[in-house]
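Below, each chain spelled out in residue letters.
2 protein chains.
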Amino acid sequence: MAKLTYRFHEGKKEWKDLLGGKGANLCEMKNLNLPVPNGFVISTEACRNYLIQETKSLSGSLVEEIIFQIKELEMLSSKTFGIGVNPLLLSVRSGAKYSMPGMMDTILNLGLNDKTVHALSKITGNRDFAFQCYCRLIQMFADVVYNVATTNFGTIPTETKTEAEWKVIITNYQKIFATMTGRKFPQDAYEQLLIAVEAVFSSWNNQRAKVYRRIHGIPDNLGTAVTIQQMVFGNYSAESGTGVMFTRNPATGEKGVYGEYLLQAQGEDIVAGIRTPESISGLQEAMPQVYDELTKIANQLEKHYCDMQDVEFTIEAGKLYMLQTRNGKRTPQAAVAIAYDLMTEGLISEETLIARIDEEMIGQLLHPTFTDEAKIETVIVRGLPASPGAAVGQIAFTAEAAKEMSRKGKKVILVRNETSPEDIEGMSVSEAIVTARGGMTSHAAVVARGMGVCCVVGCENLQVDEEKEMASFVDGILQTGDFISVDGSSGRIYLGKLTLNEAETSEVLEKILKICDDHAAMSVYGNAETPRDIKEALLKGAKGIGLARTEHMFFQADRLKMMRQLILAEGSRVDEALAYLKEKQKNDFRQIYQILGELPCTIRLLDPPLHEFLPQDRQELRGIAQELNLNSHSVIAKAKSLAEVNPMLGLRGVRLGIIRPEIYQMQVAAIIEAALEVSKEEEITVIPHIMIPLVGTIKEFSMAKDSCVEIINDLFEKTKMRLPFEIGTMIEIPRACLIANQLAQVADFFSFGTNDLTQLTYGYSRDDAHKFLPTYTHHEILPNDPFQHLDQEGVGELMRMASEMGKQEKKSLSVGVCGEVGGDPVSISFIQTLPVDYVSCSPYRIPNARLACAKAAIANSKIKKKISI
Amino acid sequence: MAKLTYRFHEGKKEWKDLLGGKGANLCEMKNLNLPVPNGFVISTEACRNYLIQETKSLSGSLVEEIIFQIKELEMLSSKTFGIGVNPLLLSVRSGAKYSMPGMMDTILNLGLNDKTVHALSKITGNRDFAFQCYCRLIQMFADVVYNVATTNFGTIPTETKTEAEWKVIITNYQKIFATMTGRKFPQDAYEQLLIAVEAVFSSWNNQRAKVYRRIHGIPDNLGTAVTIQQMVFGNYSAESGTGVMFTRNPATGEKGVYGEYLLQAQGEDIVAGIRTPESISGLQEAMPQVYDELTKIANQLEKHYCDMQDVEFTIEAGKLYMLQTRNGKRTPQAAVAIAYDLMTEGLISEETLIARIDEEMIGQLLHPTFTDEAKIETVIVRGLPASPGAAVGQIAFTAEAAKEMSRKGKKVILVRNETSPEDIEGMSVSEAIVTARGGMTSHAAVVARGMGVCCVVGCENLQVDEEKEMASFVDGILQTGDFISVDGSSGRIYLGKLTLNEAETSEVLEKILKICDDHAAMSVYGNAETPRDIKEALLKGAKGIGLARTEHMFFQADRLKMMRQLILAEGSRVDEALAYLKEKQKNDFRQIYQILGELPCTIRLLDPPLHEFLPQDRQELRGIAQELNLNSHSVIAKAKSLAEVNPMLGLRGVRLGIIRPEIYQMQVAAIIEAALEVSKEEEITVIPHIMIPLVGTIKEFSMAKDSCVEIINDLFEKTKMRLPFEIGTMIEIPRACLIANQLAQVADFFSFGTNDLTQLTYGYSRDDAHKFLPTYTHHEILPNDPFQHLDQEGVGELMRMASEMGKQEKKSLSVGVCGEVGGDPVSISFIQTLPVDYVSCSPYRIPNARLACAKAAIANSKIKKKISI
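Same order as they appear, the protein sequences are chains A and B.
The numbers in full-length UniProt numbering rise by one with no breaks, and the one at position 507 of the first sequence is 507.
The numbers in full-length UniProt numbering rise by one with no breaks, and the one at position 752 of the second sequence is 752.
No lab work stands behind these hints: they were computed from the structure.
There could be a bad hint or two in this list.
Identical copies carry no separate label here, and so any pair may be met within one copy or between two of them.
Below are the DSS-like pairs computed for lysine-lysine, each with C-alpha atoms no more than 25 Å apart in a straight line [what the hints assert, rightly or not]: (1) K511 <-> K810; (2) K699 <-> K771; (3) K640 <-> K408; (4) K638 <-> K408; (5) K866 <-> K403; (6) K771 <-> K640; (7) K13 <-> K3; (8) K699 <-> K810; (9) K411 <-> K56.
This is chain A alone, in the form it adopts within the complex (with noise of 0.2 Å):
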């Protein structure tokens, strides 16, 4: 038979499946010679137990444990459990591998009854503390239990009171207790004990807990540990009280203690963010011997867990205990500072490092705020930033409001009191959440992190009505609907919609990147023609250009009306447009070698089909007629006969540029002959990189190639001067992929195009998908949006085959991603395990795209030196 149970001694941190994250950080913590009230831990194990069953019931054998394991307690302790004149008290809490906040169910002082409560009295010398103790237990055991709100007992008094008073109240709680629960409160300790793990066992299943691992991708198999600890009381004296401490500040990552403490309260006070706690700095004044011990402590902790902690600690007559100790969660800029702190400081590897900065992270570090211009009258309230970034959206009081507004494609902003587990998915969907009350460790702040959303905490002059959704301010009101701006870092929210700013990268972030490029084995490009995105690309830490996409220099006014000429009129009239739009390519194409020098840069020649260029109406095309002076019938005859029933199938990429050899032709000169001129004029050596779309078929690209070389070479002829080039093609058609080797022999780079090779190994149109691609991944018939993520079984497939063929026919191939999911991190994890040279993407998912190779490249040889051994 599995043990079941573990003594605080016997376990260790690394046993969090079997312990989970609380349970094994107490075991931690004891074998570290810290105090630590006495306890054991009902593992996972017969959790999972527990809820295999049908009828649902503990095991004589876990009974049999846990009876030995409070005989234990009481010989440890010289306290005997629901009996006795010294009566053995005990916290049960739950503790899964991951942290839920708020998720699970604690229960304090249980051992307590009619009897035991007198013996506590007695022994404490304190009656009120003791009967304000049973209060609170048989309040919990209604709550956790039996689902009643603690709402229904009213607040426990906190003033002095007779023994007959007491029982009055007691008697009074117990009534209550009977009446919402339908039974009587459990004199039994045992009773209340094993009740107690059988509701922890129970709530993994509860429906916030169910959303809080949905949202937050945690398997529904792994059930939760059970803690059982000896009681300690911050509410037994005016020397007593509890709090939370982090090693660094979780919101800047500033080193030195930062936390909050409450006297004469248990832990629930803090979390449930009723009472506003004070600064950790005021326990060193108070208490400071206890201060000492508990900052020694917590440096110990963090140098042990070579991570910020988190510790919640309970004083008791003066006395510190520890209760818990976590990794403790943090803001992304606390993350990213904390991680490169702790990397300087020698605790971490840069391996290490990067395993600790997330994608997410980077997305909200680069998350936008507000500009500087922001006018400080229109700041309406102040609050705590409990996390940053900025948002501006429409008020919804409730979270179902929330969800509704967001379904409409609103963009919302939650505004409550305090929020709760319920309001999980309403906060998932908001901008961002403002609370009037709570501190920085409050749910609202808490969750909010987590979820990367922007939110302000303690708002204390915003009064929530959320029955009447409304909220007052001093000088307004606000209600359902309203516009406002919120500022996560500064904590000021905003009357209407401020303008919001592109976020800049962190200095520290910057450095870390560094970092991960010198790890990474793929470098990162961006996809990029304008100077504005080119600029904007190389500051993100672009290695190059990967894909600029020379359609999209066609479409200002001037341009636009030649590109017309060009597919509309005859004879010399085109040779006027290609003249004209070759010395406008040839400037753009200057401008971009002038920024980049002589980083790479890959041009696509001219990808959509020639209908794109002009408007389908009728009447408009008589326009564009009369405009250039053409017939208009002819002008509608030739729009006509250039519509293609499946566009993306049709005449375009290299079909275009066989068709009209003069398109191509015209762009490779004005690529060739910007990149003569600023070589000469900068004295450095532009090499193009021409891009030949939509290849099938190895003669296709011959003939295009072959096309382009001789442009090239009568340039070189003209202008008696030379540079090296590339000519290489997009990797975009299924077949590609089977001829790669073929392709190979006479390309000089590939690039993956993504997205077209997923429309067509799907079959899939992305201006139709729409139509069923929600119901796809909803009925997880995909497991997700496969031009967001990679499809590795398929695209990846052909993928790998083409790379692997390509880069075998010839070593010195480069080989590339330049489609959509060249900036995803899920899919350049995957990416990372074909012999790819570079990612490239838009400009704002490079840092991303940076970190993911970095991660990729750790993992890959990881994965190899497996392989290896």
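The hints should help you fit chain B onto chain A, whose structure is shown.
The following block gives chain B in isolation, referenced to the frame of chain A:
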């Protein structure tokens, strides 16, 4: 130094590569001790050596060998070459590996000069004969070597003349020769010989030869051999003659000699079609002994060659000489009949029988004929039925005109006095060929049979004036562009356009196809859904229906209306439409099952997008709205919402089946109800094969399948009946090929839809590709249209992956090909190399597919045997 010349008894029939067909067969006959005039062959290697040099000249060693061989001939014949009292005369003929009728050039009577003509005259005692031979030599030499038309010399006098008269004639011939060629007629016999050999060598590369090779796919690098043989003279005396004979009737295949001869003539007289020859039966009376010997030899040759022989013979003064034997050209009907007879006679194996039938033969056999009602009064002319089949078209009087008219898309019938090698290209584009002159072995007849073009020759009542571009018959005249109808099987020519009728499979062909079925590894199914087409498929030998397209069943007016109601209405009116369509479909399926009985039938659920059932035009949509009593705005809006940018890649196939599951459920219910009813009524077990199209992921197939199975189980429950059924998938999305192992786990069968698979693998839209496909095939960017012949490198590779993975996953998985290429022999020979169980094609292609499957299986097992060795 390799040997370059071979005496006849040194060679054998297998050496066609080296000795050419004619030379190899002469060697073979010599070794069979048949009466073959002595001679030798200059090998194709010598020709290649000659052609490969820059300055064309015969090598010294070749000349030495030739001289040596001549000495040998002189010894054997006791004659001397070019001098003396008994001159040795030679024929010089070309002979390549493949027979190229009329392409190559022959010179007879070589060795005659001003002196030896007298010796010949003296030794034969026949002055006219000797001088006629000399005339012919000069004429042929001018023609073959210098391309000077024989007509320049006028007709060779046939009447008796004095020596002086002959001298004048010869002098005149030599003058014409000198004038036209710019050089003297060579008196040195060796000079004559070497010039002739060079001329034969050079003729390999003349234009006509090149065209012929291109049309027939003969490689350009083979070269021709030269056969040099002692002359025998069919024009020597009244007991002399020449002829050609087939061992079986080349038009019908009937056993028994068949041929033509001319007395006092040389072979060229027959081939040229100048004199109309007599039937071979005439020879039996005229020269019974010669006839007996000839038929005996012919039969011996047929047995020896295991094929119908076409022999050429010459009778010189009552003695028979064999000049050539070869496998005789024949009509498709004859080819089929002869091959089958040879097999039953035990001369060839079944495999050889199959190898001798080709797709063109079947195609021609199954060519249309005219209906019986073709009115006899419209017959304007009757000729010899030279090549069977029937055709309707417009008259062209020159090959040039035929090409021009064909280019314009017209169906052309070439009408000429006689055809010559220059006409080949014009003939190949014509529907039929009609000549006023010539016999069954004339150029027109031989070439037309080879091309499978319907042909009538020797129309004596037709006067053709090629210059004026008109022809007159008894009752009228014909001009360019006039419509006529030609029956190549009866020799009748009709005025105007007759109705063509589908050909019926001949009995013997059906027997052969049954033998094919025994040898084939893959079965042949039909693509059909109407009772008429299904019956036709079975008639043509289909083993089942591989693809019944249900969308074809929705286009009758009443059904289309209900389909539109299904698409455009809502609520109960959708149900009404579904119920209506279900009954109609059920009836369709009942008919199908009634025809097919227990033969398999794969029914594909609805494939096209719904908008294909709606018009585009607003006005028409309004009409539909009125007809269906629906709001016209909402109808127009709905139609608009269904429109797609790329319908090929949109909401169709299984995607539609998932978004609107009621449609597939309706179809499945109709299929199963029909199957249950017919099974009961006919006391058979119908096994429905339900095919889900456009599958790309495992879950979409499972989901659609589960939804079908639910309906089926409900029906079984309701009817208290059951039957076996299969649910499989179309493989037509590249991704499906890549995950075929997964699909095989849940699908009962695979069927490759090569049309869509080709569209997606290439990224070509069939509806739009016409804009570039012609250019692509013209520039050989594509070897051919991939929708006609399967692309083996790309699409084929995906099919290989899919079929192999599928079968590996599930041995019992049935795999078929139901796309266009399922009926294409070239594609079938590739498909045979995959683990595919059947191909399915249009009914009319089934016979060819059956043949192709047998050929492919035989070839594949040969390849496999080779590998296993």
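### Task
If any of the earlier hints don't hold here, list their numbers in rising order.
1, 5, 9
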